[in-house]
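With the working numbering, letter number 186 in the sequence shown gets 186, and the count goes up by one each step, no holes.
There's no promise every hint is true.
Quick list of in silico lysine-lysine cross-link-like pairs, DSSO-like style, CA-CA up to 27 Å [stated by the list, open to error]: (1) Lys278 / Lys177; (2) Lys70 / Lys523; (3) Lys454 / Lys432; (4) Lys239 / Lys454; (5) Lys70 / Lys278; (6) Lys239 / Lys210.
Hints are computed from structural coordinates only; laboratory data are not their basis.
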Amino acid sequence: MPSPSPKRAKSSAKASKAVSKTTLASRKKTTPVKAKPAKSVKGKPEFSKIVAGGATPERRFVLLPEHGLKAVGAGSQQGFLEMSQYLHRGMSGAAVPFTRPYASVPLPPMRLIDEINENKAKLIELNPDDITALRMQLPGIRIVPEVFYQLQPSVRVAVQNRVANATAQTAMTIHVKSNQGRPVPGAFVIAFTDFAQQTGASGTTNASGKVKLALGSTSAKIERLYIYPHSGHWGLLKKNFILSANDQFTLTAIQFPFTDSLDAVYGQGAPRDGAGVKVAVLDTGSGPHPDLVIAGGENTVVGEDPQNYEDNGDQHGTHVAGIIAARGMAPTGRSGVAPGVSIYSYRVFAKGQSASNFAIAKAIDRAVQNGCHLINMSLGGGDPDPVISSAIADARNAGAVAIVASGNDGRQPVSFPANDSRALAVSAMGRKGTFPATAVESGDVAGPFGNNPKDFIAAFSNIGAQISLTGPGVGVISTVPGGYAVMSGTSMACPAVTGLAARLLAKTPAILNMPANQTRSDKIIQLLLASAVSLGFPASMEGRGLPQ
């Protein structure tokens with residue numbers, strides 16, 4: 001597959017919407033966006049008062065103390081605490097003096113939108129022209145633009161160019177059904193007449209399993225046809241054939257037991273595997289699902305109900321959680337790598353949108369406060385960000401380890417935050433024979449091959465010197481609301497490694513029961529890396545190898 005480079009999203013309030021137009025689904029980081037009014041919901045205060053007067057600010061920024069997320073000690077850190085008190089008192093409308101060395105410089109208008117804690121990072125609205133005035137008052141404060149990150153989603157191709165002269169009148173209808181004879185609704189169908197130029201047509205099947213494709217005639221030469229079902233089935237890839245109106249295509253239903261790449265590499269966990277370990281999943285929310293038990297969590301999306309941390313409808317977070325800790329059994333389900341762990345769901349994505357650096361940092365902080373040992377982050381893209389880096393560093397200091405998907409940009413450099421030096425970056429490997437021969441996963445196979453000639457690093461996986469480990473991420477069956485689905489991506493490899501880390505940690509009480517500090521997180525990392533076995537790939541592709 002081609003290896004597209006990430007594109008920067010538009011600098012607007014719409015930039016937070018997750019729209020992928022590259023051949024492989026990619027994550028992008030936005031420039032700061034215009035602020036939206038804060039919403040008031042039950043359980044979350046509305047920070048809406050302009051505390052210093054003046055015009056409405058135009059953009060959102062994150063205020064950080066000089067080090068980390070939390071202000072402690074004297075000096076500039078004390079100044080951050082004073083600023084926090086000022087912002088809170090200003091909400092009551094009281095006139096509050098703000099005495100600093102440069103108090104003669106007017107404090108710029110700003111509005112408190114959200115905060116991690118009173119003495120921790122804050123999200124504010126501020127006119128960019130006023131940043132200098134704020135720094136005059138608090139020279140040690142860090143003022144960082146609010147930026148957004150995408151999921152590391154299940155890998156899919158996309159049409160970039162429509163077929164010339166194609167109209168609705170010349171569209172052909174094709175049929176998609178299950179090998180069990182039923183129509184498959186909700187399947188996304190993509191037909192390329194020119195795969196290199198990404199020219200073709202796409203559509204979604206209706207309740208009868210039918211879809212119309214505007215290909216310019218009732219018969220067309222197709223270089224590649226992809227069918228991505230919503231759930232319950234394996235996808236399909238067919239190459240170099242003549243597509244005609246009313247053609248039928250059959251998808252293979254998911255059945256248990258089945259040995260996918262996850263099961264082939266790690267097997268299904270025993271009920272007590274991972275017991276005593278707390279794992280945070282920062283994603284689109286997780287559950288509900290009968291094979292998942294969610295111990296707790298929080299929705300850190302600004303303006304949303306903090307208690308609404310179930311799946312936002314995108315399926316991704318539930319799939320990730322199931323890889324780690326599903327508790328199902330054949331013939332209706334399957335177990336994850338470490339079913340005994342306590343899963344905490346932190347929803348950082350609004351439905352169909354990307355996640356802000358502030359929401360991610362807040363979720364990391366909440367995970368630490370809830371005692372999580374491992375933090376799974378199947379998200380990223382864009383430039384390094386001091387807000388998220390500060391949160392990862394604080395987590396390490398508190399004994400928690402961030403395990404992060406490397407990205408799905410097609411052998412491109414490792415994305416952020418996976419490339420943060422305090423995180424563990426995970427690439428995706430696959431194994432031939434662990435998916436149907438006609439499945440879309442056949443398009444993810446690429447050399448070089450490993451010591452086992454069936455093993456490969458996925459064509460979509462980002463690689464580089466920052467890779468710490470690799471994990472199974474091609475054709476992984478896991479939980480989604482309402483059933484099970486197959487997904488591929490470093491998003492799937494990441495929780496596979498997280499689950500294995502939980503297995504190992506639960507079996508090593510000397511580390512599990514250590515005080516929550518950096519010595520513990522260092523020991524967790526050493527334990528995980530020491531368990532890895534090379535599959536025969538360069539270190540830039542597998543890091544230390546596959547943990548076992």
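A quick look at each hint next to the structure:
no.: 1; hint: Lys278 / Lys177; in the structure: violated, 41 Å
no.: 2; hint: Lys70 / Lys523; in the structure: holds, 24 Å
no.: 3; hint: Lys454 / Lys432; in the structure: holds, 5 Å
no.: 4; hint: Lys239 / Lys454; in the structure: holds, 22 Å
no.: 5; hint: Lys70 / Lys278; in the structure: holds, 23 Å
no.: 6; hint: Lys239 / Lys210; in the structure: holds, 20 Å
Of the numbered hints stated above, the single one contradicted by the structure is hint 1.
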